[in-house]
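Undergrad: As they're listed, the protein sequences go chains U, G, L, F and E.
Each residue of the first sequence is one higher than the last, beginning at 6 in our numbering.
Each residue of the second sequence is one higher than the last, beginning at 6 in our numbering.
Each residue of the third sequence is one higher than the last, beginning at 6 in our numbering.
Each residue of the fourth sequence is one higher than the last, beginning at 6 in our numbering.
Each residue of the fifth sequence is one higher than the last, beginning at 6 in our numbering.
In short, the hints are calculated from the structure, not lab data.
No false leads were slipped in.
Copies of the same chain are indistinguishable here, so a pair counts whether it falls within one copy or spans any two.
Pairs of lysine-lysine, DSS-like flavour, derived with a Cα cap of 27 Å:
#, residue 1, residue 2
1, K28, K102
2, K101, K28
3, K28, K77
What follows is the residue order along each chain.
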Amino acid sequence: MQIAKVRGTVVSTQKDPSLRGAKLLLLQFVDEEGQTLPNYEVAVDSVGAGVDEWVLISRGGNAARQVQGNDKRPIDAVVVAIIDTIYVENRQIYNKKSQDR
Amino acid sequence: MQIAKVRGTVVSTQKDPSLRGAKLLLLQFVDEEGQTLPNYEVAVDSVGAGVDEWVLISRGGNAARQVQGNDKRPIDAVVVAIIDTIYVENRQIYNKKSQDR
Amino acid sequence: MQIAKVRGTVVSTQKDPSLRGAKLLLLQFVDEEGQTLPNYEVAVDSVGAGVDEWVLISRGGNAARQVQGNDKRPIDAVVVAIIDTIYVENRQIYNKKSQDR
Amino acid sequence: MQIAKVRGTVVSTQKDPSLRGAKLLLLQFVDEEGQTLPNYEVAVDSVGAGVDEWVLISRGGNAARQVQGNDKRPIDAVVVAIIDTIYVENRQIYNKKSQDR
Amino acid sequence: MQIAKVRGTVVSTQKDPSLRGAKLLLLQFVDEEGQTLPNYEVAVDSVGAGVDEWVLISRGGNAARQVQGNDKRPIDAVVVAIIDTIYVENRQIYNKKSQDR
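Using the sequences and the hints, build the whole thing.
TA: Printed below as a string of structure tokens:
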């Protein structure tokens with residue numbers, strides 16, 4: 006999985022019927038120091054992530070379809086977790102609480 | 006999924022029999038600010054996308070085969086939605102209507 | 006799918022038994038203007054493509070196995086179509102006939 | 006599979022229910038000479054890997070779900086082995102024992 | 006598939022149980038002119054490839070599991086063929102025999 010930051014949302018009315026009701030988040034990848042990278046991904050959210058939160062994104066259709074409700078959707082990326090903390094060599098480099106405003 | 010702009014079409018008569026009737030779109034990736042990127046993809050369209058529209062593209066054969074009619078096709082990319090609007094941190098950065106000519 | 010140009014063939018006698026009879030093409034990717042890119046791929050051909058022809062290549066094992074005869078092969082790339090024409094914004098940028106010598 | 010070094014852990018409480026109990030490791034890729042690369046991956050551990058160990062990481066949801074306990078998880082990366090030694094042209098370039106402190 | 010050169014082996018005792026008996030090769034990618042590229046991959050060998058041989062590597066778990074004995078292994082890369090010859094536009098650019106010492 007990759008670490009990404011929720012930046013916004015994508016809205017579509019003309020889409021594959023299976024996508025009705027799917028919340029599409031625009032995610033920007035970040036490196037493990039929290040620097041934003043130029044890459045982004047649009048993923049289906051099923052954990053209730055909001056703007057500025059750091060999440061784990063899982064890619065590939067086979068992975069995406071394991072999430073309940075996604076099993077027939079033609080999607081290749083899902084948000085599988087909202088990150089609380091990241092530790093590198095026992096040093097805490099990210100903490101969701103200290104980011105909240 | 007990635008955001009891409011429809012640039013054109015690809016036509017083929019000598020192809021895998023399962024691809025008969027499939028509309029093949031040439032898509033160019035755009036970044037979240039709408040700048041076109043050098044990468045492109047040829048994808049099967051099933052939502053009726055036209056030239057210059059912004060779409061969501063889903064990649065990987067497992068994802069592509071979830072779209073009705075594609076379940077036996079040897080394809081690795083499909084257009085799954087035409088984008089209406091993109092919001093980044095509650096700012097609207099793309100609106101299909103204001104792009105229409 | 007990606008656009009590629011057939012450059013040559015790869016021959017192997019010591020291989021997975023399922024690959025017997027498979028024709029392995031060496032393909033070089035081209036961008037949508039026809040410029041050759043440094044990347045290449047070896048793919049199984051099932052549409053009868055020849056050297057210098059432009060083809061569509063589909064990648065990922067799940068996609069590759071949809072082609073008849075490939076369903077048990079450990080392959081990750083197949084040629085699914087020989088391209089006749091490519092249109093970008095209604096301008097024809099490639100035509101197989103005008104390339105033939 | 007790719008060679009990576011265990012750097013730390015990622016903790017999440019709000020996540021896909023299937024991920025309960027999964028240990029999420031932050032892994033940094035290394036090249037075959039052991040130089041750390043800028044890329045990282047978050048993977049589920051099932052072999053008991055610890056910080057600073059070199060491991061093999063397997064990616065893609067279809068691969069990840071072959072590990073016992075992962076068959077219904079929406080994950081795209083798993084640690085499948087802790088590396089003992091790496092030989093290049095019969096020269097030993099990595100040995101876990103000589104790295105232990 | 007990609008063309009790679011066998012560089013060495015990776016040894017692991019603490020690993021997913023399904024990997025017992027699997028031979029793990031360290032492979033370095035080469036371009037079609039035989040120049041070694043910085044990328045490498047660790048793949049399961051089932052065709053008996055040795056150091057310095059050129060092979061075809063197939064990636065993606067779905068492809069890897071088509072090889073007999075691999076159907077339950079959490080792997081994402083396999084060696085599927087040892088290359089004898091490569092032809093580009095009818096010119097032979099690689100011949101295994103002339104490489105043997």
